[in-house]
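S.K.: Whenever a hint applies, use it, and build me the whole structure from the sequences.
Chains C and D are the protein sequences, given in the same order. Residues in the first sequence are numbered consecutively from 1, following the numbering used here. Residues in the second sequence are numbered consecutively from 1001, following the numbering used here.
Be aware that one or more of the hints could be misleading.
[Said to hold, decoys possible] Taking lysine to aspartate or glutamate and the EDC-like style, the derived pairs with C-alpha atoms no more than 16 Å apart in a straight line are:
1. C/177 - C/159
2. D/1222 - D/1203
3. D/1165 - C/54
4. C/3 - C/28
5. D/1187 - D/1160
6. C/273 - C/232
7. C/132 - D/1160
8. C/167 - C/193
9. C/74 - D/1164
If you're looking for bench data, these hints aren't it; they were derived computationally from the structure. None of these values were measured; they are calculated from a predicted model.
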Amino acid sequence: MVKVQLNDVEKRYGPTVALAPTNLSVTEGEFLTLLGPSGSGKTTLLNIVSGMTEPTGGEVWIDGVDVTNVPSAKRGLGMVFQSYALMPHMTIFQNIAFPLQIRGLPREEIRRKVEDVLELVQLPHVAGRKPKELSGGQQQRIALARCIVYDPSIILMDEPLGALDKKLREQMQLEIKRLQVQLGITMLYVTHDQEEAMTMSDRIILMNNGSAEQIGTPNELYFQPNSSFVADFIGQSNLLDATVAGEDRVRLVNGEIITVRHDAPLSHGQSVKVLLRPEVLHLREIDAGGNRLDATIRGSVISGSTVKHFLELDGGTSVLVEELSNGTNAAPAPGDRVTISWSVGQARVLPA
Amino acid sequence: MSADPQANRLLKGAAFAVLAFLVLPSLIVVPISFGDTHEMVFPPPSLSLDLYRQYFGDPQWLAATWLSVRVAIWTTLISLLLGIPAAYGLVRGRFPGKRLVAMFLLSPIMVPSVVIALGLYIYFVRIGLSHGELRLVLGLTVVTMPFVIVTATAGLQNVDPNLEKAATVMGAGPFTVLFRVTLPLLKPAIVGGSLFAFLMSFDEVVIAWFITRAGYETLPIKMFSSIQWEISPVLAAVSSLLMLFSVVVCVLVVVTRRNEPQQ
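M.R.: Here it is in structure tokens:
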């Protein structure tokens, strides 16, 4: 069932386009993430759904009702802010009870629901405290509990983990994901952190310059990006300039010809980009059907579980190779000549 | 801070000298107020509570005090009622000429009291407003409201707009947001602003003197005229009481500030 449906919504400020006409549907129980750099339109899109920004065109439907002209308060949404937005003058209990009181629930039912949801976020002991007495991670869990408690049709989260340190952020990602799956919450999540988006989302919308660059599962965005922006934004990538030299062959700038995979038909002589993920590349030659290129080592860095090799192809293009480190990796010295290779089908052609 | 003990002593000495310069002239009336009823001299030749008895036993002094209290209460209430919405508009609103409007609203602080007083006097005569107490309330509101606006503006700037947004998304209507989120968070600013407004109104003499009518003597006016005509030592008792009152109000302001959670 479709929970939220956007039909050609757009937002302009005079001649400036904050959001180009965008279509989108979020299905029940789905975790959908709006990912993109700042200024890409992801927060504008979220605010249009929440009703805090009025679109200059298009329609917003929630639960099968056109809410384009319905104020925020009547849309039946939940929202979690980066600043938590817990009421500093209320206790945790009062904070979570607040939306229930607005809905006029009887006192006894409110008490039971608040206790249940505190149990759910594993903070039953903080009911009597004020928000500032809790840690950032705890406050964020309370902010989420305050949404869960009144069962909104969708929960919007605006960079909710931006204020937390890396370790806590990773913990909270799993915690939020667990609750979302367990309770079947429909979630629209905004972040600029691609790892966060990959970890949590069922689908990701990658925003760029006010429009959706690509919509797909984390897998699709990573392995089948449809533009070099997507390839570059999601994960690490080597993007090599090339021209089409045959049915499934391209010529790199240094003249080498490699075999590639592509979705759209290619025309001879067309300029393209070749995507090679650092982890599909090997520093030694693998099976005979693979592609290979000669290169020179410029440096290597061990970052714990992986080793990164910075190489230069003949012709001057830089390439990053990432291999699992096992402690016995032969450590090539700068200046060493190596051959990099990859399985056929791992090189992907993108429009230049 | 300097670690040099001598420089530290010097700094402390200077601080106390400034403090003495500021408060001694006010404090000198306290011992005099415990003197006798014939003349104001320092030090008082003998100690007694006669001057306080005289004040509390004089219906004219009490009537002036009571008028000042009534006017100050009304002035404060009207200042809050107009000042808080104005502050809200100035902080949250987006409209052209906002800075200009803010300047106009705060201008009574900068314009000399005599000018405001004269203007009010001419204006009240022109519109034929002859009710003595109403004239005082309206006239004094002009000078107290800017103080409420200043404190409420500062308070609102500390209230995260996301709190109001969050309440709205949760389904709260504008009144619920106002009474359950914004105003409770503004409480320290409102309490501080109204205490100041009350004191300002209670203290005001220039404007009150200009616009008041016969039979509507506020406490400061009564003090002023009794200095002019008789220099009654009972003034010392009244001044001491006023001072005590101001100190109590200031302590209240400090205490309410401290008890509220800082965000």
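S.K.: So which hints don't hold here, by number, going up?
M.R.: none
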